[in-house]
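K.L.:
Starting from the known structure of chain A, fit chains B, C and D onto it as the hints suggest.
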Amino acid sequence: MAGPDIRVQEAPFDLGAESAALSQGRTDIGGLASFVGLCRADDGLAALVLEHYPGMTERALEKIAAEAWARWPLTGCTVIHRVGRLVPGAPIVLVLTASAHRAAALEACAFLIDWLKTSAPFWKREEFADGRERWVEAKASDDAAAARWASGA
Amino acid sequence: MAGPDIRVQEAPFDLGAESAALSQGRTDIGGLASFVGLCRADDGLAALVLEHYPGMTERALEKIAAEAWARWPLTGCTVIHRVGRLVPGAPIVLVLTASAHRAAALEACAFLIDWLKTSAPFWKREEFADGRERWVEAKASDDAAAARWASGA
Amino acid sequence: MKLLYFAWVRQKVGLAEEEIGLPEDVRDVAGLVAFLATRSPGHAAAFADPRQIRAAVNQDFAKPDQAVAAGDEVAFFPPVTGG
Amino acid sequence: MKLLYFAWVRQKVGLAEEEIGLPEDVRDVAGLVAFLATRSPGHAAAFADPRQIRAAVNQDFAKPDQAVAAGDEVAFFPPVTGG
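Residue numbers (the working numbering), protein chains in the order written: chain A, 12 to 164; chain B, 12 to 164; chain C, 3 to 85; chain D, 3 to 85.
These aren't lab readings, by the way, just hints derived from the structure by calculation.
Check the hints yourself; a few may be wrong.
Unchecked claim - Derived Cβ-Cβ restraints for the label pairs, each shown as a range:
| hint | chain 1 | residue 1 | chain 2 | residue 2 | range |
| --- | --- | --- | --- | --- | --- |
| 1 | C | G16 | B | G14 | 31 to 39 angstroms |
| 2 | A | A13 | C | D27 | 24 to 32 angstroms |
| 3 | B | D53 | C | A71 | 38 to 46 angstroms |
| 4 | B | P84 | A | A32 | 25 to 33 angstroms |
| 5 | A | R18 | B | Q20 | 28 to 36 angstroms |
| 6 | B | R18 | C | D51 | 51 to 59 angstroms |
| 7 | D | Q54 | A | G14 | 42 to 50 angstroms |
| 8 | C | D51 | B | D53 | 35 to 43 angstroms |
| 9 | B | G100 | A | A13 | 15 to 23 angstroms |
| 10 | D | A71 | B | R70 | 14 to 22 angstroms |
| 11 | B | R18 | A | A13 | 34 to 42 angstroms |
Note that CB positions come from ideal geometry on N, CA and C, so glycine has one too.
Bound conformation, chain A alone (with noise of 0.2 angstroms):
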């Protein structure tokens, strides 16, 4: 694996396939780890419609994906965020890392996940069944989260 495999699409994705994709064949990997974010159905949504800005989102991606290949002994990552309309139960994001030791696999995968929230631009819209939309503002929670990264915790 030559490095971290990054994805933006509209596309849903498949855990089982891209999990097997990171190790099928391989037998230096101890641990999987793997987080998928899901839409949920939360006081009465119909869609998240999710925007993205072309280019600069990958780029966003690759740098984060990168820090955490340099942060951890990672065999393999793959990072696959969906853009569009979502609704409710559909998977939005998949952080898959491999590593020779678990540890290694669940923190890459926090970090990634906590720092995809922040600093990679995409943008949730919010529409309602009885025709309301919202956009989704930024939580001081996912900001806390992501710096924990920072200091090294």
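P.N.:
Same frame as chain A, now just chains B, C and D:
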């Protein structure tokens, strides 16, 4: 979901299928975290043979999973641990946690795999290509990882 | 200068992107925000509270004091909410 | 009393399980270990260093000072290495 789903089995498991089983048809899950532990081919390893204590092992897993269930607001939790003879590249253990919130899913997943390492009655014997055999020794680093959770970290 | 707008900044401005001639006295991101706020009622609404706005210059996040030049691609958007 | 052995404890003892009559003076796990070490050369090898041995009484992990009684199921094994 009534509670955690615990299995000790010889058969392989399928991450994609288990993950789909936890999330399909639901719109209250915001994050799904998983960890898969795999058999590495270190030092000419030919196979790992996993032994367990039938009855006690299932009870220990149920207890650990119930603790995670009580500690984090999970909507689903699957723990599958294989036993028997496993060759390099084979999956050994699956921990899968679902929650409305990503931090709960990620933390519960890390908690479960750390505790599984130190508190579930499994024993690993390594078989090498040259005929040698060796029982894997418990690691102080695994005890330390599990102890983190006890101190409320 | 190529300008891009995203999310509610795009909706309020009423444009996803536009080309502008950069006034000589606009030297940084903060100055560009102040200038853009005068272009139309939509721009004024979008840039009414600069604290709500984030920027990128040539596809890197940029602070208000970052320098801008005529050939730059500059984007304005709310704080990001991916993941 | 039903005894179970796992991993190298099982290999050294040469049995996966056995039924024994519990001597009256054996009251806890540590006492049981000392008693078992006298049963055969295999047992002696398995229980030579009690610090390497972990125990469970009725399928719960047990410390050396935990009481044991005739009806108990007691298991001996090395520190666990799952996950």
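K.L.:
Does each hint fit the structure? Answer for all of them.
P.N.:
Consistency of the hints with the structure:
no. : hint                                  : result
1   : C/G16 with B/G14: 31 to 39 angstroms  : violated (52 angstroms)
2   : A/A13 with C/D27: 24 to 32 angstroms  : violated (47 angstroms)
3   : B/D53 with C/A71: 38 to 46 angstroms  : violated (55 angstroms)
4   : B/P84 with A/A32: 25 to 33 angstroms  : holds (32 angstroms)
5   : A/R18 with B/Q20: 28 to 36 angstroms  : holds (33 angstroms)
6   : B/R18 with C/D51: 51 to 59 angstroms  : holds (54 angstroms)
7   : D/Q54 with A/G14: 42 to 50 angstroms  : holds (44 angstroms)
8   : C/D51 with B/D53: 35 to 43 angstroms  : violated (57 angstroms)
9   : B/G100 with A/A13: 15 to 23 angstroms : holds (20 angstroms)
10  : D/A71 with B/R70: 14 to 22 angstroms  : holds (20 angstroms)
11  : B/R18 with A/A13: 34 to 42 angstroms  : holds (36 angstroms)
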